[in-house]
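Novice: Residue strings, one per chain:
Protein chains: 2
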Amino acid sequence: MTAPLRVAIAGLGTVGGHVCALLEKNRTLLEQRAERPVQLVGICARNKKKARPFTRTTIPWFSDPCAMIDETNCDVAVELIGGEDGIARTFVEHALNKKCSVVTANKALLAKHGKHLFPLAEKQGCALAFEAAVGGGIPIIKSLRESLSGNHIYRITAILNGTCNYILSQMRAQRRSFQDVLEEAQRLGYAEADPSVDIDGFDAAHKLALLAALAWGTLDIDSLTIDGIRTITAEDMALSEKMGYRLKHIAQAYPAKTTIHQSVQTCLVRQDHALAHVDGVFNAVTFLSDFCGELTLIGLGAGGDATASAVVSDILDLARGSHEHPSRVVLTATPTFPQARIPTTETMPYYVRLHVDDRPGVLAEIATTLAHEHISIETAWQQATEQNDVATLVIITHPSPSPSMHKAFAAVGTLKPVRQAPCLLPIINA
Amino acid sequence: MTAPLRVAIAGLGTVGGHVCALLEKNRTLLEQRAERPVQLVGICARNKKKARPFTRTTIPWFSDPCAMIDETNCDVAVELIGGEDGIARTFVEHALNKKCSVVTANKALLAKHGKHLFPLAEKQGCALAFEAAVGGGIPIIKSLRESLSGNHIYRITAILNGTCNYILSQMRAQRRSFQDVLEEAQRLGYAEADPSVDIDGFDAAHKLALLAALAWGTLDIDSLTIDGIRTITAEDMALSEKMGYRLKHIAQAYPAKTTIHQSVQTCLVRQDHALAHVDGVFNAVTFLSDFCGELTLIGLGAGGDATASAVVSDILDLARGSHEHPSRVVLTATPTFPQARIPTTETMPYYVRLHVDDRPGVLAEIATTLAHEHISIETAWQQATEQNDVATLVIITHPSPSPSMHKAFAAVGTLKPVRQAPCLLPIINA
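Chains as they are written, first to last, in this note's numbering: chain A, 1 to 430; chain B, 1001 to 1430.
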């Protein structure tokens, strides 16, 4: 039997607590699978008195995370503190500088400082593993960098934020408003008191930036188009469903002409697409690649247990010595484009929903305005509303370039028969 | 730059040809990701003159696969010959005896001889990698043994045979008969001239046995219940759909009281289950585990390109030196049961379809016969047929133990009002 793998954990919130519980509960299994014991040599959190889901009486407690690394002589430092700067960053840098491998679930930290941290890990010959940072328990990172390692990645399409997906799923299933469901989600603990990081798309953006870094060697959070789910109404939810789609908060990235297109935004997804049926707190990703074709992974994107499973899979890889190439995030000055990528026309169909004066000639006026920007209509559907003189008009366009579509939509919004708060949403191709 | 990884490939059929094509086409990418060149030092197949999808003029050709291993001094021997015995077995054993790592897509060989081959690989300190053996391009093996390594596996539910899934999907979409779709599939090359291995469930059984070995340490193909799709009719396809289900050929395994339950058979799947929407040549697997919860992977289960992607992922793992624990298949004398597994009641609901005399009292007679075996009815649905005096009767039972259900079904079949060819199919719980 090889010597135990010495693990120290900083941060004992939901994820940290469940990692300790997993290490305790499945100790025998882990030892069998790693062919060596996995030993918790130190834990560290702010509040020593808080109740935790594991027995911690025998585990040395530290109040200073960096001192924990120095004093325990650990092999692996697990960062579950969170936050894109502050103690989390100090802790990770300290570990790597001490040639101690790091396992983290911190997408914000890696998305912001990965350009510095990944090369540091390489230089020090340490692992910087982060399976738990994207998609909770789903093996998204391992699948992308190991299972698809022989492939050029053409496109990544994903549902990466459980809060957004939960809210949109509830809005659909129960025909309720965004605000109503958000408040319930906050009461149930599915949404934070300050929900902005989730519902405005930043969390999904951090995760997508990491996937793009693995796929194409570029880590560029600043170039990401970020939008959330605040403006989605129950009406648009119902109308898009009537047209054969589901509304999902979609993270998508693909190599465009000279750059990597990266966006997170609410999109319409065809009802026969695998992602259309991913509901509640589940996350999912679809990779399109040259040899493997379409590969979809679906699982619990958050929660202590599932995320702990991912953290422990990284720890076990280290126990087995399987992190030969430490970070496996190869950042390049210029992105690695597929040599023979699919033709990205950079056009997509759009959903346009308007409230308009219910009188003859209005549809013609709108169609003419769209045609000025060469936007052509695939389907138009109009229905009277409870307000006598107002109709709801839904247009599905043919695939159109984003700039033309936004220009046309702005122009339509200024037309006299068009009432307030029109809605424009893309329909994903994949 | 490390020395090249020397790879020799035996078998240049669909998969072998596409592996060579991938190694050629994505050479630069592979070298970048492995941080060393992957060099094809030998190929071997029966027919030297056949057209292949890659440039082979510069690659040494061998007519004897074992001689290829001896003469090329390869690091990795790739077995793509196929067959559960014969040359494939000789080649794999020869490679392992020469301390050469093996990558194979051969589920039949491993299911039959794994009990001998996995320990041999361990003893020799070689890898015996087989990602391509189960689920084509889907990273099922890696996810189970690496990503879920911290988890007790409660249940595996999967669609593992592309031919079965293609035929069932076409029967549903086009309302056609089994025989009709099978003949078309044979013309299109989706089914073999002798389709038995696929449509009678043996291929799926081999794959499921390997997954059970990874999950619970027992490799026991003989204890598997194996059934196929030959008896499925267009009528049952339509009726099950009317009741809210899809018919799928399902491989399922879970720890029961004293053994591992393993079965492949056509089942009804709820329409809101992720596997219900996996159509055509796609495969999928859902793992249920203690910490990760429900994890579903969906992708191309067959085809040269996708399977080549999986073969190459194993080769790249070896190039990176990530096969520390060679086979990672730990076979134990007694299965490793989850300590706290979900209560497996070993009951499931059933679908019973009968053609019966269309007269009063028939349903009562059938219900009474079922009740004798304590089978209770959840839903019963009856419809007149084109034949004046015959009705179709569909019963969905409450969850029932398999032995009672089969006994009751046999008894119902002997009742006077019940016409020929009644149908009994399980409804999966997961």
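Be aware that a few hints might be false.
Stated by the list, open to error - Quick list of the computed label-pair ranges, beta carbon to beta carbon:
1. B:Thr1055 x A:Ala421: 32 to 42 Å
2. B:Thr1233 x A:Pro399: 33 to 43 Å
3. B:Thr1259 x A:Thr2: 30 to 40 Å
4. A:Thr347 x B:Lys1098: 49 to 59 Å
Claimed, not checked - Output of the computed footprint for chain B on chain A, the stretches with three or more beta carbons under 8 Å from beta carbons of chain B:
5. 146-159
6. 235-249
Think of the hints as simulated: they come from the structure by calculation, not from any bench.
Here the structure is a predicted model, which is why all the values come from computation and not from measurement.
Using N, Cα and C, we set each Cβ at its ideal position, and we do this for glycine too.
Novice: In ascending order, which of the hints set out earlier in this document are inconsistent with the structure?
Specialist: 1, 6
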